[in-house]
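Please work from the sequences and hints to get the whole structure.
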Amino acid sequence: MIKVENLVKRFGNTYALNDVSFEIGDGEIVGLLGPNGAGKSTAMNILTGYLSSTSGSVSIDDIDMVEDPIKAKKLIGFLPEQPPLYPEMTVDEFLNFVYELKGCTLEKEAHLEEIIKVTKLGEVRSRLIANLSKGNKQRVGIAQALIGDPKVLIFDEPTVGLDPKQILAVRNLMRNLAKNHTVILSTHILAEVQACCERVIIINKGKIIADERTDSIVRAIEDGYRYRIKVCGPEKEVASTLSRINGVKSVESTGERDLDSFAFVFDSAKGVDVRKPVFNACASRGWPIIGLEAVGTDLETVFIRLVDAAEGVTEGTQRRRGK
Amino acid sequence: MLAIYKRELRSYFKGAIGFVFLTVYLVIAAIVFAYSNLFAMSSHMTSFFTFMLLFSGIALPLLTMKSFSEERKTKTEQLLLTAPVSLPAMVFGKFLAAYTVFGGAAIFTSLYFLLLIPYTQLQVGLLIGNMLALLLVGMVFISIGLFISSVTENQLSAAIGTIAVILGFLGIGLINNLLSSSFFLRYVFDAISIFSRFQSFTNGYFELSSLIYYLSVSGIFLWLTIRVYDRRRYN
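So the sequences go chain by chain: Y and P. Using my numbering, read the first sequence as starting at 1 and increasing by one per residue. Using my numbering, read the second sequence as starting at 324 and increasing by one per residue.
Worth flagging that the hints you see were computed from the coordinates, not collected in a lab. Take the hints with a grain of salt, since some may be wrong.
As the list claims (entries may be wrong) - Simulated coverage check for chain P against chain Y, where a stretch passes if three residues somewhere in it have a Cβ under 8 Å from a Cβ of chain Y:
1) 324-331
2) 405-413
3) 461-467
Stated by the list, open to error - Here are the simulated DSSO-like pairs of lysine-lysine, each with C-alpha atoms no more than 30 Å apart in a straight line:
4) Y/Lys151 x P/Lys329
5) Y/Lys207 x P/Lys337
6) Y/Lys134 x Y/Lys108
7) Y/Lys151 x P/Lys337
8) P/Lys337 x Y/Lys230
9) P/Lys329 x Y/Lys3
10) Y/Lys117 x P/Lys329
We put the beta carbon where it would ideally sit given N, CA and C, even for glycine.
Spelled out as structure tokens, the structure:
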């Protein structure tokens, strides 16, 4: 659905994007993640035709953005970081305007009613946009992106400035939209990617430093897992037994004691699942395990490690899905 | 283009700018008409239309100052530039909206002369010529205003910049009158002067070259506005 090839965007001598390539398939929901100034917004602006690239190409459903921008833009619904709203218009007036602006051919009333229903704007449809809450303004921004039923939806920082309840509502809305659309979500909020996206592209200093499925990126990038375990057994013997298991590294007691159980933290070697041997070792000695969880392997940790690595180590250490 | 035209036109009257422009324009025109024609019982049109030309140079930037600068400042231009609409359609939609408001005002004020019908023989051809001249010059002023508005985020800068450029164009005509008739610059200034071409219209002469001149100058500024947006996509 979306094909980005060798995209370069230069502002003077600074590269905002440097040889960025990726493809996004039909119906995928992809998170574009990166620290501020990484090049996310530049990438989004080029994808939507707002900016031109220095070199490289973008095509939407095989339509080149440079060769046929009008046709390509018809396939995209875009919510910029700051929703582009006219405060002097009511919600209804604004959506009608966008409907005409996009040259939409769907049956007008039914289409706009459906969008108002999906975005839950029914109660505020007659109010001036200037008087809406931040959350409702964001909904209007999403509603305008949905007009024309575009195949691709691009959201730039859609939950910035919203309260926790509004954030959950917008995330639910995005998840529902992803059922029928290809969605790109740009954010620096890692929880958002974990909550909504099935794939994540991490970008830093204009380069892609990771492109993986969200559920496997941690596994793919971490050196191994770190576990926290609580065992009912003698502290020193448990520690010694755990450290002898093949694949277990650096067992540490946390000093935490709960009745007759002790807590430990240990690392496992990359590619070795030590959970079963740990269970068997404890079970054979009659030490019940009352807790075992992976710690320190959330997306945030991965993100920071990747960005640090990309900044500190050589270029060209990109991970690409499927390679 | 139609969507942008309709929205722009509505926005003039959702806020105060459209009403302020129309009120001030019609009232000033009425006062000038009263003094130069009604009280003087004169059907001479040149002084009225010349004054309205100068006044349009100051009033029209009110209409155009926020056309692009406000969109840029509030980032609503992102909606327009990512919509399936071409840059010429976007610029022309805004141009037509401003021109509709100005055109309505210019035609209405020209009709003041109909009040003289009971007292004098009105030269309808001359009236149409004067009105056409005002409409053509207004077209140029609006195009200049849109161009200046596209290069700044600040409405006030857009308005002041537009007035300065318009006064510059009008000033060429005034300087021209001071130059010796044999001086070659006089020919150059004569060719590019908005004012001297306007005068020939007010004297009842319809010149095709003047019509083409006004259309060309307006077209150049609209083209420059499109170029500003096209260029910005690369920067």
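Hints, verified against the model:
| no. | hint | result |
| --- | --- | --- |
| 1 | 324-331 | holds (count 5) |
| 2 | 405-413 | holds (count 5) |
| 3 | 461-467 | violated (count 0) |
| 4 | Y/Lys151 x P/Lys329 | 27 Å, holds |
| 5 | Y/Lys207 x P/Lys337 | 46 Å, violated |
| 6 | Y/Lys134 x Y/Lys108 | 27 Å, holds |
| 7 | Y/Lys151 x P/Lys337 | 34 Å, violated |
| 8 | P/Lys337 x Y/Lys230 | 67 Å, violated |
| 9 | P/Lys329 x Y/Lys3 | 36 Å, violated |
| 10 | Y/Lys117 x P/Lys329 | 26 Å, holds |
The earlier numbered hints that this structure contradicts are 3, 5, 7, 8, 9.
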